[in-house]
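Residue numbers (the numbering used here), protein chains in the order written: chain P, 30 to 301; chain C, 168 to 425.
Worth flagging that the hints you see were computed from the coordinates, not collected in a lab.
Remember, it's a predicted structure, so these values are computed and weren't measured experimentally.
All residues carry an ideal CB built from backbone N, CA and C; glycine is no exception.
Take the hints with a grain of salt, since some may be wrong.
On the chain P side, residues computed to face chain C include the following (Cβ under 7 Å) [claimed, not checked]:
id : residue
1  : F62
2  : L101
3  : R103
4  : R129
5  : N132
6  : R137
7  : M142
8  : N148
9  : H152
10 : A162
11 : R165
12 : V166
13 : P170
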Amino acid sequence: MTQMRGDILESIGGLPQPDTDEVVRAENVHKWFGPLHVLNDVSMTVRRGETVVVIGPSGSGKTTFVRCLNHLERIQEGRILVNGHLIGYRERRGKLVEDRGRNIARQRREIGMVFQRFNLFHHMTALGNICEAPVRVLGMPETQAKDAARSLLARVGLADKAEAFPGQLSGGQQQRVAIARALAMRPRLMLFDEPTSALDPEMIGEVLEVMRELAHEGMTMVVVSHEMGFAREVADRVVMMDHGQIIEEGPPAQLFGQPQHERTRLFLSKIL
Amino acid sequence: MHFDWPFFWHYLLAPSTTYLNGLMLTLVLSVVSQILGTIIGLFAALGRISGIGPIPYLVRFYIWAMRGTPLLVQIVFIYTGLAAANILRFHDIDLGLVVVPGNVQAGILALSLNEGAYMAEIIRAGIASVDPGQTEAAKSLGMGYGLLMRRIILPQAARFILPPLGNEFNAMLKNSTLVSVIGVQELLLTTETLTSATFRVFELYSVVALYYLTLTTLWGLVQGRIEARFNRSETREVVPGFGTRFFGTRLVRALRRG
């Protein structure tokens, strides 16, 4: 198994502290793809240090929802605050208008995102992938960024892969580099969009292990996942979505033990 | 048939200074026009995908006009046509070390504008070939448009752009002969001048053909090395063979995709 050392966040100078207790606050979010109502009045809060796992059948809107949290998707109604700031929009005469690209980019620095398909930069080494944004976006000196990146790589068990290109790494290794890349920006919030869905079964464990460690170190996380074992063990709260709505939410013991809603029961019976 | 071998060898292996000047001018015209054309093409491609107001439509009009009219017509139009209509006259520019004649400027302008239209489509196709996930990852890290393009998208698009770009330069070396019609003393016009003095058309055109063949072949080798460098990180990808590049099946494919 992965040679992982604890204290991943030590590499980036400890846990980045959010400015507010409510790191995510989504209020009555609506989104349509054409006639399709993909998010229907979604409201949710994520508190400092919480790990929230979002589950639900495919097409339920869970991926779309996390993508709205860093404005990779627009929303049509409602509002989303991350770290106390309206994300992607600003208020003008009581109406929400899309923010300037520069402001959106600035807000995204504080939100790490891990994708289903890793999306590592193919033309850069693992080290290059991790250093790119801290150096180019934050203006961190290159030596400092490299030190942090090497330390991060060591702590996700990839000390010997610094010079490897993504094409030379396994899926599980790529995803761990992707997590390190997101962490290098010292994010206040980490979003995971089905981080293990594109992985071979034997590689899922090594990625979940890193995520588990991050949760234990106090990182605030929103995770879209089908890994019920992970949700049961790591989540502070599990949110069940279907047809663009939050059906129910609660601590994993409650949601998995006594689901209140028929659709949750049905979904869990199929997946467990 | 009479083929004057000594004459042929003499002009092939011991070209006169005039001839070498013509060769030099061909190279300068081609390289400068290709560079300018690539820059124009880059901005045109970015403009076309920008979706800002009328810019995409203007770019499409430019591409449509440039690709839909003969390069020879464009050259004469820009140099002779504009001057005849009293719109624009190209005057010699003194750069200190060299004087750039008006017809050379017009030739470079026409070749660049024409090339820009083709490069715009090639670059657009190259950008479109990069996985959208790369853009999303870069955005999620807080990168703005400039950084995203410069550091993430264009370096990866380069792998798709370079093979057709190589073919474009190959074509440019040959298309540069067209500026001979406005009196630019490049390789072809130099050859023509020589034939009118010696009447050795067969021999001299054999020589000039071999010169172009040498230029394009040398370029093919350079192109291969550049591409191999850009393919470094993609260990699984097969580097296309010399023949593929030389005969341009990739260009055809790229244009179809565009």
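Which of the numbered hints are not met once you compare them with the structure shown? 1, 3, 4, 5, 13
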